[in-house]
Amino acid sequence: MKIFLLAALAAYLVAAIHSVLAFLNKRLLLERVSLVALLFGFTMHTTALIVDWLQSGNYPLFYLRETLSFLAWTLVIAYGVAWCSYRTQALGSFTLPLVTLLTFIANVVGENASVAHGVITEGQAAWLFPIHTTLLLFAYASFFVVFAASVMYLLQERELKLKTFGAIFHRLPSLTTVDDIGSTAVAVGWILLTLGIFTGMLWSATRDGIFWHNDPKEIFAVLTWLLYLAMLHYRYIAGRRGRRAAWLGIAGWGLVLCTFLGARLMGGYHVFN
Amino acid sequence: MSIVLVGLNHKTAPVEVREQLAFTDEACTENLRQLIDGKVLSEGLIVSTCNRVEVIAATAAQQPLDCVSRISDFLGRTQRVPSDVYGKHLYTYTDEAAVRHMFRVASSLDSMVVGESQIMGQVRRAYALAVEAGTAGRVLHRLVHHAFRVAKRVRTETGIAASAVSISYTAVELGRKIFGSLEGCTVLLIGTGQMAELAAQHLANAGAARILVANRTHEAAKELAAQFGGVAVDYARLADHLADADIVLCSTGAREYIITPEMARRAREARRNRPAFFIDISVPRNVDPAVGELDNLFVFDIDDLEAVIASNIREREREAEHAELIVDSEVMQFQQALRNLDIGPTVSALRQKLLTVARAEYERQRPRLGELTPAQEQAIEALLLSTVNKISHPLIHRLRRSYDTGEAENMQAWRESFGLED
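Protein chains in written order, with this note's numbering: chain A, 1 to 273; chain B, 1 to 422.
Just so you know, these hints were derived from the structure itself, not from any lab. A few of these clues could be false.
[Unchecked claim] Quick partial rundown of chain A residues pointing at chain B, CB under 8 Å, derived from the structure:
1) N107
2) L160
3) F165
4) S174
5) L175
6) T176
7) T177
8) G239
9) R240
10) R241
11) G242
12) R243
Values in this document were obtained by computation on a predicted structure and should not be read as measured data. By construction, the Cβ of each residue, glycine as well, lies at the ideal position given by its N, Cα and C atoms.
Using the sequences provided together with the hints, build the complete structure.
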């Protein structure tokens with residue numbers, strides 16, 4: 001299992017380096033190498049997750065190591081979907097380094113033995129927990145795509161407004177394309193987030209009888225949910241798009257990070273020990 | 001075998017000189033036949049465009065420089081231009097330098113606008129004329145085909161031709177940066193100037209779906225609209241049509257701003273904030289620069305477009321450095337191929353000679369060997385071949401060395417001692 005994750009890491013590293021190089025000097029060959037390496041890495045990664053699941057008998061999404069690895073995996077899927085629909089290689093230059101970093105950490109981090117796995121595998125509706133976490137990680141991956149698209153939008157818009165085109169200008173996809181990617185990803189991400197929060201509440205309600213614990217992770221999650229709801233409204237209903245929507249996409253990612261990491265530091269119900 | 005190149009181009013000669021020396025297609029074939037006598041000059045090719053006149057020739061002469069004066073005289077004689085007019089503008093390259101120059105020309109590294117695409121066709125035409133005249137032989141065939149290969153590599157492996165260097169293409173490129181594909185875009189032309197017409201043509205070719213034309217005189221608008229299958233719209237209701245347009249192209253003689261921030265803002269609202277691209281090629285400007293400060297609206301005036309072009313040209317020049325490396329490596333490859341072309345017949349004659357001797361001796365002794373299985377026959381054939389190869393290998397090696405160092409007498413001595421005279 002470890003060997004598969006290592007192989008995935010190596011392939012992701014190759015893919016990330018080639019993707020960034022392709023972004024800088026736009027050689028077609030580099031893009032192909034990057035895609036092939038990514039496909040190989042993804043296959044290895046999927047195998048690692050399945051083997052992990054079969055060996056331990058637990059859904060491979062609980063410990064920090066597993067969570068990071070799973071997040072990297074969902075990011076690759078999100079990038080894959082975006083690449084298939086828009087052929088935007090540039091997105092890879094943002095996503096793949098993060099994927100590589102997450103996979104690297106997943107490779108070096110050990111399992112925290114003090115964390116009690118039993119907490120989530122016992123009791124009624126235990127099956128809801130993996131669905132809850134999986135949905136949320138896919139939501140995070142979508143929001144990262146929104147973030148990357150927003151950054152690309154702002155870079156591109158700035159260059160067009162200032163009319164001074166740097167080296168990366170020719171590498172970025174068009175404004176309309178990144179705007180489309182962003183608005184699609186935000187809709188997908190928000191739906192996943194809604195379902196994820198909902199399943200979490202359901203799980204908690206059947207297990208403990210309450211669905212709200214007032215812990216930092218929950219509060220941040222609701223803030224994130226509200227912000228992306230505002231962004232959806234802003235884009236689809238008020239018809240406002242462009243620079244301000246892009247800034248919302250970046251702010252949203254900040255909140256996602258707080259939800260994901262911040263809550264770990266602040267403790268509360270979502271820290272299992 | 002040597003390659004000689006004599007010519008002048010836009011860098012060394014003013015247009016008054018270039019135009020006097022330029023060849024028409026007919027003159028090319030006719031004069032090539034005169035120049036290539038089959039003795040001193042064995043093959044020839046003339047590249048004549050508005051930016052250059054060059055004669056490339058292959059010669060068997062020991063002193064390629066002798067050919068230079070012959071070609072230079074030929075240029076003056078056929079075009080009836082005294083040599084003091086063009087002589088000082090001429091450059092001459094021989095062998096490796098000539099090959100490099102040819103490759104650089106074909107790859108558009110020597111062009112006025114680096115990376116332009118016409119030169120390929122012009123070289124192809126020049127080659128076709130030389131073939132027609134019967135003055136292209138084994139050296140020039142190779143040279144020209146190799147040059148095409150280099151040009152193709154340069155085009156695909158570097159970004160030398162990737163960015164736009166004309167106003168209309170720059171407009172299309174910028175449109176693509178905003179909208180992705182221009183397919184489905186609506187273009188509004190305001191004014192019917194020639195520049196606008198050209199840019200509109202490019203936008204239409206790039207896939208713009210609908211072209212609206214507005215002009216003070218409605219007749220002119222109708223006329224231009226008919227050209228692109230577009231629609232002439234009422235100039236007085238410009239503000240309303242603005243909401244339909246993704247790309248607005250302005251080129252009128254108006255002295256004041258036609259498009260004000262207020263108009264643009266209202267149009268943007270009607271478009272639900274979809275981006276719009278204003279190209280203002282009129283002087284004085286027709287689009288208030290304040291429009292460009294509004295979100296989702298992008299305004300480029302003529303100076304902005306020129307600045308983009310200047311930066312694209314710099315980008316091409318940066319890419320050209322990468323292209324030079326490709327040319328360098330290809331020149332080396334070509335020189336090697338050319339050497340083989342020259343030395344090849346001698347090498348194969350030598351091996352053939354040795355093999356004939358070996359086979360004859362084998363046939364002589366064959367009856368004494370009695371019955372042989374096919375496998376044994378094959379073994380003997382392999383034995384003969386490898387013996388010949390092992391004997392000839394050091395000889396061929398020496399032969400190539402003599403050739404590389406230009407010891408033609410040695411070459412001759414080798415040929416004679418093996419009785420290889422043709």
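These are the hints, each one checked on the structure:
1. N107: Where the cut-off is 8 Å and the nearest Cβ of chain B is about 36 Å from A/N107, the hint is violated.
2. L160: holds (5 Å)
3. F165: This interface hint holds because 6 Å falls under the 8 Å limit.
4. S174: holds (4 Å)
5. L175: holds (5 Å)
6. T176: holds (5 Å)
7. T177: Holds, because the Cβ-Cβ distance from A/T177 to chain B comes to roughly 5 Å (cut-off 8 Å).
8. G239: OK, holds: A/G239 within 8 Å of chain B, min 4 Å.
9. R240: Nearest chain B Cβ about 5 Å off; hint holds.
10. R241: Holds: closest Cβ of chain B sits about 5 Å from A/R241, inside 8 Å.
11. G242: holds (4 Å)
12. R243: With Cβ-Cβ at 5 Å, under 8 Å, it holds.
Consistency with the previously given hints fails for number 1 only.
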